[in-house]
Amino acid sequence: MLDRLERIAGAAGGYAELRLHRNTSRVVVMRQSAVIENRSTSLAGASARCHALGTFGFASVPGEDDAALAHVLGEARANADALGRHAAYTDRPLPKTAPGTGVYDYRTRRARLPASARLDLLKSLDARIRAACPGLLNVDLTLQELTIEKALATTEGARTFSASPRTVLIVRLDMQGTDGPVTLYDVLGGFGEFEDHDALLARAEAALGGLCEDLRRKAEGVFPAAGFHDVVLDSDLAGILAHEAIGHTCEADLVLAGSVAGGRIGQRVASEKITLTDQAGRGFDGGSTIAIHVDDEGTPCRDVAIIERGVLKGYLNNKAMAQELEAEPTGNARAFTFADEPIVRMRSTCIMPGADTLADMIGAVERGYYLKRSSNGQADLTSEFMFGVVCGYEIVNGRLGRAIRDTTISGVAFDVLQAVTHVGDTMKWSNGGFCGKKTLIPVGMGGPAIKTKLNVGGR
Amino acid sequence: MDESASAGLEAARGVARQACAAGADAAQAVHVRETQVEVCFDMKRLTLLRTTEHDTISLDVFKGGRKGAATIAGRGDALAAGVAEALAAAAAAPSDPAHALAEAPALAPRVHGPAAADRDAMIGRALAHIAGVAREFPAVVSRESYHRFLCSRRSFANSAGLTQQETCGRYGFFTMFSARRDGRSTSLNYAGATAYRLFDDLMEAGALRRLYGEAERSLDPRPAPGKFVGDVVIAPGALGDFLWSLAGALGGYALMSGTSPYKDSKGARVASPLFSLLNRPTAAAFPEGRGFDAYGVPTRDLDVIRDGVLQDFLVDHYVARKLGLAQTAGVQNFVVPPGAASEAEIVAGTERGILLTRFSGGSPGASLDFSGIAKNSFYVEDGRIRHPLSETMISGNLRDLLLAIRAVSRETVDTGSARLPTIAAGGVTIHGRG
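Sequence order for the protein chains is R and P. The first sequence begins at 554 in the numbering used here and counts up by one. The second sequence begins at 16 in the numbering used here and counts up by one.
Take the hints with a grain of salt, since some may be wrong.
[What the hints assert, rightly or not] Sample of chain R residues with no beta-carbon within 10 Å of chain P, all distances over it, derived:
id	residue
1	S586
2	G607
3	R681
4	D693
5	F776
6	G839
7	G863
8	E894
9	L934
[As the list claims (entries may be wrong)] Think about it this way: if two alpha-carbon atoms lie no more than 20 Å apart in a straight line, the pair counts; the simulated EDC-like pairs of lysine to aspartate or glutamate are:
id	chain 1	residue 1	chain 2	residue 2
10	R	K991	P	E303
11	P	K281	P	E159
12	R	K991	P	E49
13	R	K826	R	D732
14	P	K278	P	D415
15	P	K278	R	D913
16	R	K991	P	D415
17	R	K991	P	D57
18	P	K59	R	D913
19	R	K981	R	E877
Bear in mind the hints are in silico, worked out from the structure with no lab data behind them. A virtual CB, placed ideally from N, CA and C, is assigned to each residue, including glycine.
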């Protein structure tokens, strides 16, 4: 396959990327013990991107043979030429990098399991949840599998294949609260295909006791007091803080759009306890839920230290943004499907662990909140972020108190990181995680628990 | 019917036949053929011309009350593998009599909008927009804008002989932007709209011109003063986000889970008499609408809330059978009818509160409690807009907010998927970081 790609890409005039790309997924959803979604999907195709006269042309078709490859390459070239003629910009060659090479195939080596194995897992888990947590209004179980296979050749000599799988099990429980239904969920699974997760049911069962207890207490919970509070963010929230609040502001395209991180390289932006990185491969400890070694422009991926001991160190680049910022491409150009062009995306982004224990952090708070699980999150150029919080507790005099209802936390990320006094000693990657920026894409995010101050929504 | 249109229907019929021949009791398939042209640009330059083709078949198979599904791009071996996957998935699923084909009348094939893009005109509009923004809104910057033409043909067939087909060509525009001056930037905002016709001027898409102007007036934001309970004047973009949460609570799957706060409220007052929520899903009304749903059932208009009273739920074919209700839902394209007051009058009638242009918040849970940041928004006091906001959170309950609506604007914004006014309601907790 790579020989074929390399041969056809070699026929392109000027800069070109040629990619064969297949996303294979399966989703099974069980609600109230009924299966409401039970679908497998395989979407594959060829795409090419060419550069000419300061602009790009891109084309894709849902085919994988030589004719499809030749077609997309020709059309991408024609698109680049057509746009370039209209734009009449000065042509500047893109920055060159060492060509990314290698085969990174993380597909399972185990025997394939049938569809019935998925359904049996959900049916079994559904029954155990209902036995363990009586009185639930509803149980939702969602099993999501996604494997992304890419073969890439470029006119700069990149030649690589990767297959990155992820399997996620979402357990959502609903219970009647004092003034209406309350919901809580947990996300299990992680890197690898379904066949690699033979302990998934056991892990779900192990998590069940804590989840039910959190839900039961949330049903009797209170609204937090709206205001600026001391908080302990558990690793789930620290990961989303790293991704949403800091990572996005350091993507080079957003830096050029005026993000608060622009022009601050070398400045102190966080407590010196904070080191935050966007990592290649499977992350520093091999535990992230995605794998990326060569990006979709053919650049070898390297780790990027975004913040090192509180000082802003670097941005995330693709070739075009690196050209504008006169920087080196970092291997952050990623495309989700065969029909998407590569744009600047994060990979596995995390706050590095420190030396504090969770108990010490909670003990250091006189009045505040311990926030355990997040839902969605969003940030922008100013680094003002918000995350939905679906599970948390009051902290009173260093001890956990009443559970709180759903809320939203917000702050200006650099202020929040400046206010960090504790960084936990236990690193955890989120088991799922997608980023939405023009298109969805799987990302890894993680961190230890941290203690800081921020705004908490409430009554 | 042209050759490719009949090929689409034959592809859908063929895979449904193939599934039945392989053992399914019944099957339905949707073949989707899409062609897209996209001109990407920022506020300084054109960046990318992108053309894509999609050709997929989504298959549902039914066997003994069990359902399995597969989506496949391709032909031949891929198709056969997809049929086998769907049948294996169905065989493993529990039996559920609610899984079945729908009975529906066949519509005549419909074609909406143009069949092909005018590429040169699209590039010209993008260049004109770059120049126009630089001239009229020099502080506005963007890195992610695209002017898109998408033509999709959906061909449906089931094993009972029902077929449907619809072709829709439309132009769209989306941009993400902020304002930047003297090293200061505003929050990001975004806007988009679709239409059957090429936009004469991209600046007129949706509420873009207004939003660009608001961005330039937001370079010196500060928090709302203190914490108080006040009014929110919700602009169409933010209203759309709240309506999606409301639609979830009024949807069949919330009824099925037993978590909808409205499950016993049909016929009851759930909103101010000033507020109605209409679902207008057909593609003739909206470029992003559809003429038939995933079961081949023609979509139809539904008054979900009329003058504040809940008329019906959004229930699809499966949930209708599961819960013994009438099917009502198609694709959700919401219209909130306009009111009598102008937006300016609504702001003038606001004693203390905020003009909420964008809501960035956690997804409301089943109880519809919400909290989040007021983005790209303004503080209002004594009927006047006082200053742009930063670090200001709002919280409340969506059910309470709907009942507290005190005004609906006569101006509306049409995005091609919804048509919404500005509304105003009280009782929301507002607090700026003090």
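Hints broken by the structure, by number, lowest first? 1, 2, 4, 5, 8, 9, 11, 13, 15, 16, 18, 19
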